[in-house]
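Participant: Chains A and B, in that order, are what the protein sequence lines are. The end of the first sequence is residue 113 by the working numbering, with every number in the run present. The end of the second sequence is residue 1111 by the working numbering, with every number in the run present.
Simulated from the structure, these hints should not be mistaken for lab results. Since we're looking at a predicted model, the values are computed, not measured. Honestly, I wouldn't trust all of these hints.
[Stated by the list, open to error] In silico lysine-lysine, DSS-like type, Cα no more than 25 Å apart, as pairs:
(1) A/58 x A/71
(2) A/57 x A/5
(3) A/5 x A/108
(4) B/1068 x B/1078
(5) A/5 x A/105
(6) A/68 x B/1078
(7) A/68 x B/1024
(8) A/42 x A/71
(9) A/71 x A/100
(10) A/15 x A/71
(11) A/57 x A/108
(12) A/5 x A/71
(13) A/42 x B/1024
(14) A/108 x B/1078
(15) A/15 x A/108
(16) A/100 x B/1024
(17) A/15 x A/100
(18) A/42 x B/1068
[To be verified] If you want the footprint, here are the derived chain B segments under chain A, 3+ residues with CB under 8 Å:
(19) 1067-1078
(20) 1096-1107
[To be verified] Chain B residues, not near chain A, derived (Cβ > 12 Å throughout):
(21) 1003
(22) 1064
(23) 1093
All C-beta atoms, glycine included, are put in the ideal place defined by N, C-alpha and C.
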Amino acid sequence: QQQVKQSPQSLIVQKGGISIINCAYENTAFDYFPWYQQFPGKGPALLIAIRPDVSEKKEGRFTISFNKSAKQFSLHIMDSQPGDSATYFCAAAEQGGSEKLVFGKGTKLTVNP
Amino acid sequence: DAGVIQSPRHEVTEMGQEVTLRCKPISGHDYLFWYRQTMMRGLELLIYFNNNVPIDDSGMPEDRFSAKMPNASFSTLKIQPSEPRDSAVYFCASRGFYEQYFGPGTRLTVT
C-alpha cells in the first residue's frame, strides 16, 4: 500500500519554466511534509518542508503548496535551471516527529537549456 | 562536519555471501536510519535507532537482515546470506533536531 502517491514519474521543462510535482496522501495523521532532492550517486537532501498549519511555504525559487482538505501538496520550482535536474521525492511523517518518513516514488526532473 | 559517512560505496558479492554495510552518523545526532532504494520500491525505511537502541525494525525484509548500533558513532547493516534481490542502494541517515541527513549510500550488487 503506497501511502504517498507522487506524480509525474518524469518531467521535462525548459530553462526558465515552472516545474510542478504533486503528491497525495491518505493518512490524516501525517503532519510533516518534506521534499527531498537527489542527484545521481548522492543521497537525498532536504529541500524544503511544510506543516499543515500553513498553506504555502516559499524558499527562494522553491515553493510548497499544501491543501489539507484535499490531502495534497505540491512542489513548484520557479525559473527552473539545468542545475535543478535531479530526482525529487515528497515524503510525509506522522504527528510527533519525522522519524518514520514515508516517501513517494520520486519524480525525475530534466531542465533543458 | 563531514556529514554521514558510509562504507563501502560499492559492494559486489556473490549470492550466499555475508555483506556488512557501515555507517558513521553526524556527531551529536541521536537518531540513525537505514533505508533501501530500488527502482521498483523506491525509498524504504528498514530500521531506525534512537540513542543506539533499535526502535522500529518493521521494515527489515527478512531475518537475513540485521542491524546494530554498538555506540553513538557507528552502525552496521548485515545481510547473511545475501541474495540477488538484495541488490539496491542502501542509505544511512542521521537526525539531530528534526531534519534527516543522508549519507552517499552503498550500492550493493549480489550476483
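Participant: Now look at each hint and say whether the structure bears it out.
Facilitator: A quick look at each hint next to the structure:
1. A/58 x A/71: holds, 19 Å
2. A/57 x A/5: holds, 21 Å
3. A/5 x A/108: holds, 15 Å
4. B/1068 x B/1078: holds, 8 Å
5. A/5 x A/105: Distance ~7 Å between residue 5 of chain A and residue 105 of chain A Cα, so the pair holds.
6. A/68 x B/1078: Given that 25 Å is the threshold and the Cα spacing comes to 40 Å, the pair is violated.
7. A/68 x B/1024: Roughly 37 Å separates the two Cα atoms, so the pair is violated.
8. A/42 x A/71: Violated, because 30 Å separates the two Cα atoms, which is more than 25 Å.
9. A/71 x A/100: holds, 19 Å
10. A/15 x A/71: Status violated; Cα separation ~30 Å.
11. A/57 x A/108: Judged against 25 Å, a Cα distance of about 22 Å means the pair holds.
12. A/5 x A/71: holds, 11 Å
13. A/42 x B/1024: holds, 16 Å
14. A/108 x B/1078: violated, 30 Å
15. A/15 x A/108: holds, 15 Å
16. A/100 x B/1024: holds, 20 Å
17. A/15 x A/100: violated, 35 Å
18. A/42 x B/1068: Between residue 42 of chain A and residue 1068 of chain B the Cα gap is close to 24 Å, so the pair holds against 25 Å.
19. 1067-1078: violated (count 0)
20. 1096-1107: Coverage by chain A holds here, the residue count being 8 at a Cβ distance below 8 Å.
21. 1003: Incorrect as stated: the minimum Cβ-Cβ distance to chain A is 9 Å, not above 12 Å.
22. 1064: holds, 23 Å
23. 1093: Check fails; 7 Å does not lie beyond 12 Å.
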